[in-house]
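Heads up: the sequence lines are chains A and B, in that order.
Counting from 1, one number per residue, gives the positions in the first sequence under the UniProt record's numbering.
Counting from 1, one number per residue, gives the positions in the second sequence under the UniProt record's numbering.
Hints are not guaranteed to be accurate.
As the list claims (entries may be wrong) - Stretches of chain B that chain A covers, calculated by requiring three or more beta carbons in the stretch to come under 8 Å of a beta carbon on chain A:
| hint | stretch |
| --- | --- |
| 1 | 58-72 |
| 2 | 228-236 |
Unchecked claim - Here are the computed distance ranges between Cβ atoms for each label pair:
| hint | chain 1 | residue 1 | chain 2 | residue 2 | range |
| --- | --- | --- | --- | --- | --- |
| 3 | A | G43 | B | A203 | 36 to 44 Å |
| 4 | A | A244 | B | Q210 | 56 to 64 Å |
| 5 | A | G43 | B | Q210 | 15 to 23 Å |
| 6 | A | S14 | B | L3 | 48 to 56 Å |
Quick caveat, the hints were computed from the structure, so don't treat them as lab data.
Backbone N, C-alpha and C fix where the C-beta goes; we use that ideal spot for every residue, glycine too.
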Amino acid sequence: MSLLQVRDLSVIASNAGRDVTLVDRVSFDLAEGEILGLVGESGSGKTLACRGLMRLLPSPNLRVQGGAVRLAGQDLLALDDAGMRAVRGGQLGMIFQNPSSHLDPLMRIGEQIAEGIRLHQGASKKEARLQTIEVLRQVGIPDPQARVDNFPHEFSGGMRQRAMIAVALGCNPKVLIADEPTTALDVTVQAQILRLLLDLRDTRGLSIIMITHDLGVVAQTCDAIAVMYAGRLCEHGSKYELLARPQHPYTAGLIDCQPARSSGHALLRTIPGQPPLLDALPPGCRFNPRCPQVGTLCTDVLPEGARVACHYPLGERP
Amino acid sequence: MNLARYRFVLSRPLQLLPVLFGISLITFVLVRSIPGDPARALLGSRSTPDALLKIRAQFGLDQPLWLQYFYFLKNLLKGDLGQSLLYKVDALKLIVTRIEPTLVLVLGSVLLALLIAVPLATVAARRKGGWADNLIRVFTTLGLGMPAFWLGLMLILVLSVQWGLFPVSGYGRTWLDKAHHMVLPCLTIALALSAVLVRNLRASMLMELQADHVTAARARGLSEAAVFRRHVLPNSLVPAVNLLAVNIGWLISGTVVIESLFAIPGIGQLLVRGIFTRDYMVVQGVAMVLACATVLVNFIADVVTVTLDPRVKMQ
């Protein structure tokens with residue numbers, strides 16, 4: 001059985017009595033030691049889906065609806081607040097896109113890491129400090145004994161991302177949600193951070209959900225990929241299958257848009273059009289206004305499907 | 001602790017010198033442009049011309065203004081503010097005996113204001129838009145809108161005259177007695193000061209509650225109370241410290257009204273009496289002391305800011 005099962009998870013925004021579904025019945029599984037790439041454009045709901053499964057939504061107007069989130073057999077949506085707090089950090093860790101703003105500027109790095117260690121492992125101040133130094137060493141911070149007393153502004157961007165990973169790891173989670181962990185970093189540091197995440201998967205058996213819009217990152221790190229579009233999961237499969245033979249036209253379009261795919265002189269390719277507004281969705285498939293191969297069903301019926309949510313998947317056409 | 005960040009403590013007192021020089025010049029000129037003759041104010045309207053001349057000569061008031069200023073500066077460097085015309089004693093000694101009540105008043109007010117403001121701002125920010133938040137908004141609007149002398153009078157009327165909880169005025173002899181006397185004056189100032197602080201703190205807290213690092217703290221499982229105490233509160237106190245410093249500067253001169261209202265024998269009262277009696281030396285001296293105090297408060301605020309926020313570098 002997989003470690004994390006997400007079933008029909010929806011996130012709904014209610015504004016002045018009107019409900020808008022931002023994440024629509026998303027389901028996926030995550031095995032132990034697996035890295036799942038959650039891919040999509042800005043606003044496709046990938047971050048919100050993960051915030052939803054941590055029950056850490058950014059506004060009181062948002063709510064999680066329906067379905068189930070089972071982590072090692074325990075349904076997180078059924079937990080009370082105190083139970084959920086024990087899961088947050090302790091079993092589900094999260095790291096964020098912008099490490100500079102996600103570390104408290106007034107608190108020493110070591111203290112922020114120790115905070116979680118003391119909370120989730122009941123460690124004493126002294127034990128927590130030793131563990132903090134150990135975690136800092138694991139994430140590749142040089143001279144951790146001295147660095148533990150630094151403030152975030154004394155770290156470089158890459159070091160801050162390592163520190164944030166250390167904050168999450170200190171709590172010893174089973175699953176790490178990495179929300180665009182490399183977007184704010186320069187390319188060489190990006191590679192180092194991805195390498196670190198892969199190492200942690202290998203040494204700790206950590207499962208990772210990697211939220212990204214960068215297919216390059218996905219190709220380097222992930223085992224499986226889930227593609228989101230306008231709040232829906234449109235395709236979900238193993239990395240090789242999905243990158244080599246995409247079945248959803250949107251996935252194919254995304255892959256086509258990679259700069260590496262364009263030849264030197266050609267313009268970068270794009271998917272024409274804009275993602276739909278979530279409160280004014282087109283009837284039928286949400287991708288149909290931009291889809292290069294619309295069929296009769298597409299404008300009427302919303303496609304369902306665990307592997308691919310498309311009425312006319314690529315490669316199956318006669 | 002990184003001591004290098006506190007190096008400005010050593011150089012900052014030097015900045016006091018130009019400030020004091022400017023203040024000395026301004027107060028000297030201003031005090032002497034008040035219409036009226038100090039000798040006449042001292043001796044009364046039926047004094048003889050001879051006696052007036054004698055008094056003027058005794059205090060050097062018959063000298064040209066620039067020479068008077070020169071002597072004033074010269075004596076100032078020796079720590080001598082001159083003789084009070086009215087009390088015939090050293091002006092500095094006179095001022096020093098009046099510092100304690102004013103200091104107690106200012107410190108007490110600030111402490112009380114913080115004790116009122118931090119909990120109120122916390123409740124308002126955590127229950128934004130709730131009835132408590134609205135009630136607190138009414139309180140801050142009233143606190144900002146009511147003039148201090150009127151609020152003080154009302155407090156005297158209700159708490160002292162009607163209920164007899166506190167003395168109507170005066171300062172007292174033992175510390176306990178003094179504290180008892182200072183409750184109402186401090187409360188008068190604190191109510192107005194806390195109104196400003198609550199508004200500022202509430203706004204900073206609301207901003208911090210949305211901050212990324214607070215989301216990160218929640219994501220590692222901290223309870224909402226711990227998130228508030230460990231991350232939201234420290235970060236929102238940093239801007240409040242500067243606001244407080246600005247307001248204490250204003251407060252120091254504002255004590256004049258409160259000291260007169262509650263008959264507290266402090267510096268403000270001395271200043272008012274000095275102005276009425278054209279007691280040049282005392283007025284000049286008080287102005288210098290108040291200027292020093294304002295500079296000192298800003299200096300303390302800088303030290304506190306550097307201590308709270310590791311990113312801040314002074315000079």
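Hint by hint, here is what the structure shows:
| no. | hint | verdict |
| --- | --- | --- |
| 1 | 58-72 | violated (count 0) |
| 2 | 228-236 | holds (count 4) |
| 3 | G43(A) with A203(B): 36 to 44 Å | 29 Å, violated |
| 4 | A244(A) with Q210(B): 56 to 64 Å | 42 Å, violated |
| 5 | G43(A) with Q210(B): 15 to 23 Å | 19 Å, holds |
| 6 | S14(A) with L3(B): 48 to 56 Å | 54 Å, holds |
The structure shown violates the earlier hints numbered 1, 3, 4.
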